Amino acid sequence: MSALPPYASAGQKLWHYTFRVACGLIFFFLIFPILVILPLSFNAQDFFTFTKEMLAFKPEGYSFKHYQDFFTNPDWQQALKNSVMIAPAATILATSFGTLAAIGLSRPHVPYRSAIMAILISPMIVPLIISAAGMYFFYSRIGLQGTYWGVVLAHAALGTPFVIITVTATLVGFDQSLVRAAASMGANPVTTFFKVQMPLIIPGVVSGGLFAFITSFDEVVVVLFLGSAGQKTLPWQMFTGLREQISPTILAVASLMVAISIVLLTVLEGLRRRSERLRGLSPG
Amino acid sequence: MSETATEQVLTTKDGRPLKASLARALRREKLRALVLIAPLLIFVLLTFVAPIADMLFRSVENSIVEDTLPQTVNALQDWDPSSGQVPGEPVFAALAADLKVAVDLKTHTRLGSRLNYEKTGISSLFRKTGRRVKKMTEPPYKEQFLKADKKWGQVDTWQTLKQFSPRYTDGYFLSSLDAERTAEGLQMKSEDEQIYLLLFGRTLMLSIAITVSCLLLGYPIAFLLAQLPLRTSNLLMILVLLPFWTSLLVRTSAWKVLLQQQGVINDFLVWIGLISDANRLVMINNQTGTIIAMTHILLPFMILPLYSVMKTISPTYVRAAKSLGATDWTAFWRVYFPQSVPGIGAGAVLVFILAIGYYITPELVGGTSGIFISNRIAYHISSSLNWGLAAALGTLLLAAVMILFIVYDKIVGIDNVKLG
Chain A
1 MSALPPYASA GQKLWHYTFR VACGLIFFFL IFPILVILPL SFNAQDFFTF TKEMLAFKPE
61 GYSFKHYQDF FTNPDWQQAL KNSVMIAPAA TILATSFGTL AAIGLSRPHV PYRSAIMAIL
121 ISPMIVPLII SAAGMYFFYS RIGLQGTYWG VVLAHAALGT PFVIITVTAT LVGFDQSLVR
181 AAASMGANPV TTFFKVQMPL IIPGVVSGGL FAFITSFDEV VVVLFLGSAG QKTLPWQMFT
241 GLREQISPTI LAVASLMVAI SIVLLTVLEG LRRRSERLRG LSPG
Chain B
285 MSETATEQVL TTKDGRPLKA SLARALRREK LRALVLIAPL LIFVLLTFVA PIADMLFRSV
345 ENSIVEDTLP QTVNALQDWD PSSGQVPGEP VFAALAADLK VAVDLKTHTR LGSRLNYEKT
405 GISSLFRKTG RRVKKMTEPP YKEQFLKADK KWGQVDTWQT LKQFSPRYTD GYFLSSLDAE
465 RTAEGLQMKS EDEQIYLLLF GRTLMLSIAI TVSCLLLGYP IAFLLAQLPL RTSNLLMILV
525 LLPFWTSLLV RTSAWKVLLQ QQGVINDFLV WIGLISDANR LVMINNQTGT IIAMTHILLP
585 FMILPLYSVM KTISPTYVRA AKSLGATDWT AFWRVYFPQS VPGIGAGAVL VFILAIGYYI
645 TPELVGGTSG IFISNRIAYH ISSSLNWGLA AALGTLLLAA VMILFIVYDK IVGIDNVKLG
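Heads up: the protein sequence lines correspond to chains A and B, in order.
Read in this note's numbering, the first sequence has 42 at position 42, and its numbers run on one by one without any break.
In this note's numbering, each number is its position in the second sequence, counted from 1, plus 284.
Simulated from the structure, these hints should not be mistaken for laboratory data.
Any given hint could be a false lead.
Unchecked claim - SDA-like mimics (lysine to any residue), calculated; alpha carbons at most 20 Å apart, straight line:
hint: 1; chain 1: A; residue 1: Lys65; chain 2: A; residue 2: Ile214
hint: 2; chain 1: A; residue 1: Lys52; chain 2: B; residue 2: Phe552
hint: 3; chain 1: B; residue 1: Lys314; chain 2: A; residue 2: Pro108
hint: 4; chain 1: B; residue 1: Lys314; chain 2: A; residue 2: Tyr112
hint: 5; chain 1: A; residue 1: Lys65; chain 2: A; residue 2: Val84
hint: 6; chain 1: B; residue 1: Lys595; chain 2: A; residue 2: Gln77
hint: 7; chain 1: B; residue 1: Lys606; chain 2: A; residue 2: Ala10
hint: 8; chain 1: B; residue 1: Lys419; chain 2: B; residue 2: Ser408
hint: 9; chain 1: B; residue 1: Lys314; chain 2: A; residue 2: Pro111
hint: 10; chain 1: A; residue 1: Lys195; chain 2: B; residue 2: Trp363
hint: 11; chain 1: B; residue 1: Lys390; chain 2: B; residue 2: Glu373
hint: 12; chain 1: A; residue 1: Lys13; chain 2: B; residue 2: Phe552
hint: 13; chain 1: B; residue 1: Lys434; chain 2: B; residue 2: Ser474
hint: 14; chain 1: B; residue 1: Lys403; chain 2: B; residue 2: Asp454
hint: 15; chain 1: B; residue 1: Lys426; chain 2: B; residue 2: Ser497
hint: 16; chain 1: A; residue 1: Lys81; chain 2: A; residue 2: Val267
hint: 17; chain 1: B; residue 1: Lys314; chain 2: A; residue 2: Ile119
hint: 18; chain 1: B; residue 1: Lys595; chain 2: A; residue 2: Leu256
Remember, predicted model here, so these are calculated numbers, not experimental data.
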């Protein structure tokens with residue numbers, strides 16, 4: 001399939017190229033919506049489409065004014081600040097609890113393993129609107145609704161399944177005899193953990209942490225219900241902006257967030273290659 | 285005989301039977317694992333499972349009538365709505381006593397708005413009567429209540445009150461299924477009042493449509509990626525992973541920009557002359573918008589599991605089939621495709637589970653015809669404040685997702701979920 005053999009019939013050739021073109025179109029469908037907002041975010045007009053000046057590549061068709069608005073508008077700056085304060089706290093909570101639990105779960109004898117796993121994974125499966133509704137009722141009762149810690153705790157709970165999954169995946173290839181070797185040389189469990197186990201599972205922990213971070217950083221449903229005006233995050237601001245009046249500033253914010261996802265993707269890809277190299281799965 | 289058996293038992297150095305010593309070591313090992321898991325388990329139980337359980341409870345909880353009007357509920361026990369008679373003086377006396385307390389605590393308006401979900405008009409009835417009840421001092425109360433509002437003389441007002449006086453109710457669930465309890469028993473609401481069954485049906489249909497279109501678009505891509513040499517496929521994989529990692533709101537805003545009537549796609553179609561400027565396509569704020577945007581958002585969740593299954597299918601089977609005289613199509617359909625079915629199952633269930641609970645995208649691009657049951661739940665929480673109904677709808681949605689999740693667990697296994 002990958003290469004067309006020299007003896008291919010006309011029909012096979014036709015199918016080969018049709019298939020390639022179809023795949024090209026699907027890739028276009030996947031990537032075009034993300035790329036199209038980048039040039040549009042430099043629109044000098046408050047339009048959501050290409051102006052004649054932009055299509056003719058005239059400099060007056062482009063401007064930084066939407067970016068300028070993002071960096072000077074207090075609403076957006078407050079939202080950015082909140083996002084930057086909430087996401088790392090949630091990530092730290094999710095990653096530390098999640099890593100410990102994943103190590104526990106990967107031990108050979110765990111009672112009720114599948115039941116525990118089902119509970120720990122459930123935040124990923126339950127539809128966000130249901131999580132948001134439940135948390136809204138419950139957190140209001142205990143006075144956490146509309147507080148910073150309420151949002152952080154909720155986001156941490158939503159992020160833990162990702163940490164569990166990625167760390168468990170790294171631990172599958174972990175050689176338990178290394179721990180025994182360390183212990184037989186006189187290392188206590190804490191030393192063994194930090195000096196032997198941790199360096200080997202760190203790629204899984206970091207990518208789990210990145211998942212937890214992006215879960216919180218992108219999350220909007222729970223924060224809409226659980227937060228008050230003081231916890232407005234970037235996605236919240238984008239959501240209300242899109243629902244009420246579309247301001248072109250959203251395109252500038254969206255472009256910046258695309259840049260963030262490219263950075264994240266690069267880090268993750270690097271981690272994946274590193275762990276594959278360590279396990280000797282690929283030449284790198 | 286027993287003596288010889290004891291002698292033969294193997295012991296550890298300190299004289300313990302080996303079996304007991306092993307059991308102890310195993311117990312310690314189990315405990316150690318649990319100690320590591322415990323912090324997260326407690327955390328998730330407190331921050332996530334408890335709220336969900338609380339919500340499930342809310343869908344049947346109904347203590348407000350009994351808490352606000354305890355004496356009336358008690359007095360109403362002997363009253364039979366099928367008699368067609370309004371209850372007698374003792375019930376009215378109890379109501380007067382209860383209402384006087386409730387008005388002092390200002391709880392009667394809350395009760396009124398709660399019962400208003402079941403029968404319109406009760407909210408104003410309670411508010412009106414609440415203003416008058418202070419002046420009622422002397423029995424008989426019945427006439428004074430009838431003078432305050434003639435609705436107290438109607439059997440169905442009392443029937444609603446009696447029906448919702450137990451602490452637990454199935455009323456919210458009946459409403460979520462467009463049913464109600466009337467004097468003649470359980471009944472479906474009239475056609476034009478049925479909204480939830482329609483909404484559940486639409487959520488289901490749209491989720492199926494999205495799953496199918498994800499499969500149609502995802503299968504060729506996963507197939508291509510699995511066939512290409514690793515270097516090329518890794519490069520093309522970026523085109524799948526970048527959307528996967530891009531914020532949901534970024535992608536939704538992109539579709540909003542693209543699909544608008546004055547947006548990029550319409551402008552392009554007008555420019556190439558396919559449609560005239562007057563007939564711009566309406567692609568947003570309807571089901572088309574929801575399907576297009578959600579297919580785009582969920583497509584990576586279809587491609588990734590499909591790809592990981594297809595990667596394990598050995599190409600030798602297809603070559604063998606061809607060498608035995610199979611055409612390209614037969615080799616694909618009879619040999620390759622059946623081996624890729626587990627991937628289709630995993631991807632389809634995953635996409636369907638995610639689609640059925642979606643809220644943000646339908647809210648932004650779905651208009652009125654493209655919204656899901658989630659949007660209705662959100663409406664009842666933040667606008668209509670009918671929390672019990674929101675909880676009942678949520679419970680039904682949760683049940684659907686749980687069933688699907690069990691199916692997913694059977695096909696893929698929770699432990700085998702892979703990310704990225």
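Evaluation of the provided hints:
For the suggested pair A:Lys65 and A:Ile214, the alpha carbons sit about 27 Å apart, so the restraint of at most 20 Å is broken. Restraint check: the Cα-Cα separation between A:Lys52 and B:Phe552 comes to about 12 Å, which is no more than 20 Å; the hinted pair holds. Between B:Lys314 and A:Pro108, the direct Cα distance comes to roughly 9 Å. Compliance with the 20 Å bound is thereby established for this hinted pair. With a C-alpha separation of about 10 Å, the suggested pair B:Lys314 and A:Tyr112 falls inside the 20 Å cut-off, and the hint holds.
Pair hint A:Lys65 plus A:Val84 does not hold up; C-alpha atoms about 23 Å apart against a cutoff of 20 Å. Taking the CA atoms of B:Lys595 and A:Gln77, the gap is about 45 Å. The hint is violated against a cut of 20 Å. Straight-line distance between C-alpha atoms of B:Lys606 and A:Ala10 comes to about 18 Å, which keeps the hinted pair within the 20 Å bound. Between B:Lys419 and B:Ser408, the direct Cα distance comes to roughly 18 Å. Compliance with the 20 Å bound is thereby established for this hinted pair.
At roughly 7 Å between alpha-carbon atoms, B:Lys314 and A:Pro111 fall within 20 Å of each other, so this suggested pair holds. For the suggested pair A:Lys195 and B:Trp363, the alpha carbons sit about 76 Å apart, so the restraint of at most 20 Å is broken. With a C-alpha separation of about 25 Å, the suggested pair B:Lys390 and B:Glu373 falls outside the 20 Å cut-off, and the hint is violated. At most 20 Å may separate the alpha-carbon atoms for a hinted pair to count; A:Lys13 and B:Phe552 exceed this at roughly 32 Å.
Among the hinted pairs, B:Lys434 with B:Ser474 is inconsistent with the structure: their alpha-carbon atoms are about 27 Å apart, more than 20 Å. Distance hint between B:Lys403 and B:Asp454 is fulfilled; the C-alpha atoms sit about 15 Å from each other, no more than 20 Å. Proximity of B:Lys426 to B:Ser497 is assessed by CA-CA distance (about 64 Å); at most 20 Å being required, the pair is judged violated. Distance restraint check for A:Lys81 and A:Val267: the Cα-Cα separation of roughly 23 Å exceeds the 20 Å cut-off, and the hinted pair is therefore not satisfied.
Among the hinted pairs, B:Lys314 with A:Ile119 is consistent with the structure: their alpha-carbon atoms are about 18 Å apart, no more than 20 Å. The suggested pairing of B:Lys595 with A:Leu256 is violated, with an alpha-carbon distance near 34 Å, which exceeds 20 Å.
Of the numbered hints stated above, those contradicted by the structure are hints 1, 5, 6, 10, 11, 12, 13, 15, 16 and 18, listed in ascending order.
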